[in-house]
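Protein sequences appear in the order of chains A and B.
Residue 216 in numbering that gives the first Met the number 0 sits at position 217 of the first sequence; the count goes up by one each step and never skips.
Residue 124 in numbering that gives the first Met the number 0 sits at position 125 of the second sequence; the count goes up by one each step and never skips.
Incorrect hints may appear among the rest.
To be verified - Under 10 Å between C-beta atoms, here's a sample of chain A residues computed to sit facing chain B:
(1) R304
(2) E306
(3) L309
(4) R311
(5) D313
(6) R314
(7) P332
(8) A342
(9) P343
(10) A347
(11) E364
(12) H368
(13) S376
(14) I377
Hint data in this document are derived by calculation from the structure and do not stem from the laboratory.
The C-beta atom is built at its ideal place from N, Cα and C for all residues, glycine as well.
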Amino acid sequence: MAEIYLDHAATAPLRPEARDAMVKALDEIGGNPSGSHAVARMAKNALEESRERAAELLGADRPDEIVFTGGGTESDNLAIVGSVRASAGRAVVTSTIEHKAVLEAAKHLHAMGSAWSTVGCDRDGVVMPTTCADVVGGNEATVSVMAANNETGALQPVAEIAGSVRGSQPGVVVHTDAVQAFVGGEVTVASTRADLITLSAHKFGGPKGVGLLYVRSGTPLEPLVHGGGQEAGRRSGTANVPGIVGMVEAMAATVSDRDRFRDDVGGERDRFEAVLADRLPKAAITAREVPRMPHFSHVRFPEIRAETLLIRLDRIGVRAAAGSACQSGAIEPSHVLTAMGMAPAAAAECVRFSFGWASRVGDGEAAAHIVADMVDSI
Amino acid sequence: MRALVAMSGGVDSSVAAALMLEQGAEVIGVTLKQWEGPDGSMPVSGCCTLSDAEDARRVAAQLDIPYYVLDYVDEFTEAVVKPFAEGYLNGLTPNPCVECNRKVRFRALLDRTAELDCDVLVTGHHARVERSGGKYRLRRAIDPTKDQSYVLHMLDQSSLAKVRLPVGEMTKTQVRARAAALGLRTAAKPDSQDICFVTSGDYRDFLGTVVPAAASGGEIVDTDGNVVGHHAGTASFTIGQRKGLGVAVGEPRFVVDIEPREQVVTIGTKEDLLTDSCVAVDMSFVDEPIEPGDHVEVKVRYRTEPVGATAAPHAGGWEFRFDRPQPRPAPGQALVAYRGEYVLGGGTIVDARSGVTVGG
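Only chain A is shown next, with the shape it has when bound in the complex (with noise of 0.2 Å):
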């Protein structure tokens, strides 16, 4: 049984120059980088290096505009409950198809009394610049609005989003959840012209329990975690240094890679729903008709179970996913398919094919073929 991963949404497979920047690290790398001996300054200048490399891969003015966290949902929350804490008054406005990091963040932040309102999505789920300046008004807001959807891949305008909110309120602080998009294409602080930027290494090939969050010079932010003052007293705790240098490796060869990646990966991907349309005419290729990310491929089969179908896949070695799901592993209902205006059963057929840079050659053809004999089989 030949494996065909299909979920590098969920987490990418570790890249080579990741692993063996980490097994350089975790074998040559000791010390404590607040400390101030050699081996200390050995472990301090790694991070340093590190974080003068994410930003210039970022496009970032300045390194400290890097925020290593522990990961996309602490980025999220940094962001999100960070900056409306850092200042009086401040509500918040996110879309209804963000990560769960986020939404849950913002509720949060209603509970212990924040304004929080929502702007919704297009029946490709994709969010409309106009409509976020109409919600925010003359409020000063923080806005999330995700760079590219985590279940459908649509991308979502976040330029012109930032653009006509800070129109309508020049203090707005522009927050953009880019976990998905990174991978996807081109992210950097001009292509999103947000404030504040997440990234999770996991998702591009790095390790897992890795962030970061991009933080404009300027921008009010209070610490989540206190204690030592490390990274500049924006998120206390030593640093993760072997976890950092891998991260930052995979964003470099996640740059490098992206003609590469759009071309062959999204390759894959197009050979796949050819073959499913070819052979599954009632098959919907969801956001198909917005610019979407060229690994991504969302699909309703009709009258299938998506969580039947995910099973007897994995039992023939192609994993895929759907949605969400709970912490127990059980599928959730997307909260973003109905944002999209799905009805609940419909988006309990859908499956979430993720393809990515460890997809191999024939991966999509092969993957559409037994994707289409098992419904076939249903």
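Fit chain B to the known structure of chain A by using the hints.
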């Protein structure tokens, strides 16, 4: 053979999965997510909880079988929790485990077994499925103290053909010993006793939260109609209940009647509780239906021994005339007819006067 094993996170289903592997089956483990907290998470305490799912997952990993959590929250809420709450409001004493088996485990999950291209559904229930002469029979478990054939009475020939209950052939002691020998983490885990979706306190607190009307109080009267006390809601009572009546009388008193519409609970002596017969509706049979005049043994609640009774058709259901008067069974509970060790079938006990039933 490919087997879908419903793993609750307890020792019985853990061993059931291991036994299927030993028999050479390809095994897939699943836990049903049946109930959730307000935030959509699985409950953290009680049965069918996140920690139970975690136990099941760990056992599956140890056995090296695939494992999934399946979402049955909607089905379970509709088929089990709502009728449970409504039943109590109507003065019934519903059996949610029977309804769960009837509508979720051995219907929805059995359908899913075929969808998942599995040949059999395996659970950790203590009962035995036997095949002889081309027919399937449902037999009490080897371990009489753990027999669960009562809550499986709805299994018919087509279900039994696809159901395997491997631990029914073992005593509980043997099950635990096997689990220990296999090094399974559930070997010494205590049996669950509570209703799985009542995660804290008892079912009365639960009823109060899902159906506040259950807590509207009323009078407690004796068999002559004299008011002898007050109660906080009829849903807290079951026919035959002795404890918790809040009424001080010389000799033991039992609940002999519940009138939810008037919110009246009647108590009486043990003799007042006795009845010659009871009626069950929605009877299903493992194989051939019983015949009028058949003498069978009937079990009218989970933890009692069957008693002799003679069957007679009664207004669309069956009346069972007891050999000797019995405490009046609680409407809403299951009546299961046995012949010796074998289940013949079962249905839902009704109050023959009102015909009120549960669930439909």
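Query raised in the report: Of the hints stated earlier, which fail here?
Result: 8, 11, 12
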